[in-house]
Amino acid sequence: MKLGVYICHCGVNIKANVNVAKLTKFAEQLPRVRVARDYLYMCSEPGQQLIKKDIEEHGLDRVVVAACSPRMHEITFRKALRSAGLNPHCLEIANIREQCSWVHEDRMKATQKAQKLLAAAVSKAALLEPLEEKEVEVTPAALVVGGGIAGIQAALDIADTGYKVYLVEKEPSIGGHMIQLDKTFPTLDCSACILTPKMADVGNHPNIELFSYSEVVAVKGFVGNFEVTIKKKPRYIDETKCNACGQCAQYCSIEVPDSFNLNLSKRKCIYIPFPQSVPACYVIDPDHCRYLLTRDCTQCLEVCKQGTNAIDFTQKEELVEVKVGTIVIATGYDLFDVTTKPEYGYHLYDNVITGLEFERLSNASGPTTGEIIINGKKPKDVVFIQCVGSRDKTVGNEYCSRVCCMYTAKQAHLVREKLPQATITVFYMDVRAFGKGFEEFYDRVKQEGVKYRRGNPSEVYRRGDRLVVKAEDTLQGELVEVEADLVVLASGIIPNKQTAQIASLLKLSQSPDRFLLEAHPKLRPVDSASDGIFLAGCCQGPKDIPDSVAQASAAAAKSLIPLSTGKVIIQALTSFVQESDCRGCGFCVEACPFDAIELREVKRGRRVLEVASVNEVLCKGCGVCASVCLSGAIQQKSFADRQILSMVAALGEEYA
Amino acid sequence: MLKKFDPNIMAFLCNWCSYAGADLTGTSHFHYPPNLKAIRVMCTGRINPLMVAAAFRHGADGVLISGCHPGECHYMEGNYLARRKIFVFRNLLEFVGINPERLQMSWVSASEGKKFSNVVKEITEKIKKLGPLTTFDE
Amino acid sequence: MPEEEWKRLVTIGRERLFPCIQCGKCTGGCPIALVCKTFNVRRILNEVLYTEGEEVAHNKDYLWNCSACGTCMSRCPKGVDPMEMVLTLRSVLVEDGEIPAKVRDVLKSIDVRKNPWGMGKDSRTDWTRGLEVKNIADAEVLYYVCCTPAFDQRLQKVPRAIVKAFNKGGVNFGILGLEEVCCGNEIKRLGDLWNFEALREKNLENFKKYPIKQIVVTSPHCYNSFIHDYPGLDVEVKHYTQKIDELLTEGRLAFTGEFTKKVAFHDPCFLGKHNQVFDEPRRILQRVPGLNYVEFDRCRERSLCCEGGGGRMWIEAFDAKDRTANLRVREAIDLGVEVIATSCPFCLLTLEDAIKIGRYEERLKVMDIMEIIDLVLN
Ligand SMILES: Cc1cc2nc3c(=O)[nH]c(=O)nc-3n(C[C@H](O)[C@H](O)[C@H](O)COP(=O)(O)OP(=O)(O)OC[C@H]3O[C@@H](n4cnc5c(N)ncnc54)[C@H](O)[C@@H]3O)c2cc1C
Ligand code: SF4
Ligand code: SF4
Ligand code: FES
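Chains as they are written, first to last, in our numbering: chain A, 677 to 1332; chain P, 610 to 747; chain Z, 24 to 401.
Chain A with its partners taken away, still in its complex shape (with noise of 0.2 Å):
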């Protein structure tokens, strides 16, 4: 056995904490070692070919790179291997960088350590196997999950390429909180107007399977060949028959608050949620129906028969099973509880509102047809307050929501546009007008008369029939109190309630901010740590709609990766049986949680034995059966019981 052995300098990042020369030498002499060479960037296209040029040249069948994580460059370092016409799985990384030179400052130490680190994967390496990779068939089909703009946008991308594509939105209609905002930063275009034909295309799109009012329950499988359970919850409409007629709302006598509008005004039992839903179908809201309660109403039912005969009382809950290649999870994300900051009244004086109830009462289809009224006037003074439950590390929200600066500015723009007298003060903390046009738009805000004012208001009280701000003004230094009949709190985005119910159903991570990880905060930003699981919009992190789009259509790109080519290698890190070994006891079929192992006979001499046999395709290569074998008869391949022993063996000798 031939091995090489590459040690890289990763420009200083190496360097500067580990001998890199004395590495070489000390491996030059481990045993079976053929070469030993060390070089500025082993991961550049000339420390490849260096790999290559050696195992043409000297033959080498193990190849071993102390450089970066194997999370890093693994995948790089095998492709070469391969390209030399070495099977991939004969390489072993030692993880000199992130596990050592950048956590050890004593650089005789670090040169100690990495010394060590290098042994192990020298003797790994010689006893590794060269491995076979199998490739599977891909569904060709993706699923959407979330309606709002994100998953509006990916599905459209996707179904435009030609593939199937199954959205599944829990809501009554997709649209998510876009549809609900008025005019959108930094350009004002109507909000419902750009969206509403995008919302029709995904309801026209041939590719396009939409499941509203619907749930994700269950995913089973892997890339390429997930299997995904959807609840669909009863409408009690037939959403072939309906036409959106609006006949029974109007024989309807039950009123509930509309939480389209967020309450601010009341809609029927069986309802639309807003003109332009997609499904343009009604619904009938469970909680309140007298006819599903008590049974002692049928007045819509009446009508409809008369019309299109849509309503069915008997409308159950159902399960469909769909198989998809990739998955897009494009959730969204909830607005932060005002109501657990008391010091600003929320709860108490009903001319204290939220960003998003701004919205609907700016937008000309919302409860007061856009024009700003409150308590049945048009306010004086109006105060905006910033960074509510964002950047506010006692409400564990120590991001900053990245829209509340924007959209509060164009709120204040909207208010200075329907109340010309009206005054406008805005209390920041930071103005972060980052992205293309915000500066600009913050200036024009500017110019237009809104008074900005550093400063965190710290509470919000009655004097009389007005409210009062109190706030320190941070540039001047003195305590203002400012009066307003409207005040309107810039609360933060939270992620989506259900986040950590999705996690757990996809085996996804989520950061400490509560928000779904991606697999590389900066190389991966749409990638989830699962293959074929991407992530687009808020559900990722607070977004605006540019770049909730732009994440969306890069989910949508690389979840057509696999659907355009068809078939996806599986991971070759499986588990195999030494049958002469075997026991047949069965505590691997036990202990495997994917249910991959099963006992099959097989003849031996006379005699019929059960031994154990394991199904690639569902093996996952976690290990836990070679952990509980007692024989040692079924083993993880590249993390075989004598392979990680071996390392252990070489991590416990002193080396010069």
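Hints are computed from structural coordinates only; laboratory data are not their basis.
These figures come from a predicted structure and were not determined experimentally.
From the three backbone atoms N, C-alpha and C, an ideal C-beta is built for every residue, glycine too.
Be aware that a few hints might be false.
[Unchecked claim] Simulated coverage check for chain A against chain P, where a stretch passes if three residues somewhere in it have a Cβ under 8 Å from a Cβ of chain P:
#, stretch
1, 769-782
2, 1314-1320
[To be verified] Straight-line distance between alpha carbons at most 27 Å, and here's what the computed DSS-like set of lysine-lysine pairs gives:
#, chain 1, residue 1, chain 2, residue 2
3, A, K1183, P, K730
4, P, K723, Z, K101
5, P, K730, A, K691
6, A, K1069, P, K613
7, P, K613, A, K785
8, A, K1198, P, K724
9, A, K1069, P, K724
Put chains P and Z with the ligands on the given structure of chain A with help from the hints.
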């Protein structure tokens, strides 16, 4: 003069959480003592007592096993299995005369770079206090 | 206290201030900033961040203005505690002997007489005259009286009413009598950590001496001190409003008389903001027959501090144009209430002063909740 005790600590880290977390410690340049050297496994569920025993036999003064938080194992329940095994194995260690404190288990996620460095600092301190593992009779 | 411990206590924890983003929410909520332009905690904090070393504490008379109401601490989005910083700066001043004359008297009185009011130790139980009160040696619940209501003639009504109510409710309680010493809440906040330590030790020793099951206190300040500054204390501590509320709920006490006045409750900072006891006092008042209960607009978490805490009972604010207690009383007048009810000896004194200053005696009174209870418990 007696050489200052510089413990040898071996760690088994799962690929998805703790190894990634340890990488993040590096990317964030949080420092920790060089005593700990990690072996990567795909899941803590892969680790069996044989490996821990081997580590002690080959000169480890302490062993750390670290994986995903409960409920977050990439393979669903490998970490629970590991926890059960470690629990039993610690009793066994006591039986053969090794202070079970020498075997530590922790949960470090891929986003807990700071935590990993703290875990290493803590175990290193602990093992330093316990002194070298010389005999099997402590 | 070992030298090192001492150093740790008085060194300004600058690293704890690093997260500050100078947003001003602390100053925006500070009641003192409302009446005194020179006192701006955000700016002081910034100065501490700019200046290394403890000299930053010197020549700042306004440091004595803070009433330790805790508003800044409860509002800061970054979890910084500006109040703690101010109080630490005070302890630097005390250590260096830069102490206002009035404060010096208080600290001396504490040192010698174990109460801040300069009163003779032997008069501590004068308030019990004519009442049946057991010593704690024969009881299980300790009623910890507090120096202020024990010595102040006006306030003595409060412990007397508590004793009567507890007797009626069948509480097996007793007092420490002459053994009681100050809890040290204000002393610590005046920056005298040495004297505070001595008081804490003495109190803990007292509490250990008897098999105490529970401590009930008159003053929110004692309550706060026992809850937050007595890490070794493992006995349950209750404010009297919590205890009375409990007795009422369990039916061991019942109101029979009437109190037909319009009443608003003023939240003491050390009960509300510091310890989130908001509901019990309100529940008691709402149970009083005939009582017309209304809320101040600024109530609960937004309650306006009366400036009685943080040692301010003994210090006039430096450079202030008004007192917040005066503002509070004017709010009460605007609200049309006849009685401001409260449950803290200091609030009682400051608000009563303010009523006198505003010449509102005819229209407005301030009463401790216990004084009202005393009228309706027959
Ligand atoms: C007050 C306010 C004003 C704003 N103004 C602007 C502006 O002017 N310009 C701008 O660029 N941005 C603005 N934004 C930001 C904008 O709202 C977001 O960028 C955008 O809505 C993000 O879209 P999304 O699809 O990621 O999330 P969402 O809009 O939240 O959509 C998520 C969708 O997923 C669905 N869903 C959630 N969970 C599940 C589940 N488990 N199963 C199925 N479906 C699920 C939800 O029902 C929802 O339909 C504003 C935000 C706020 C709060
Ligand atoms: S509230 Fe907190 S962050 Fe804001 S200025 Fe005060 S101390 Fe600093
Ligand atoms: S504790 Fe109260 S008085 Fe003191 S600085 Fe903070 S807010 Fe002001
Ligand atoms: S993958 Fe981390 S413990 Fe199982």
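Inset, instruction - Sort out which numbered hints this structure fails and list those numbers smallest first. - result: Result: hints 3 and 6 break, sorted rising.
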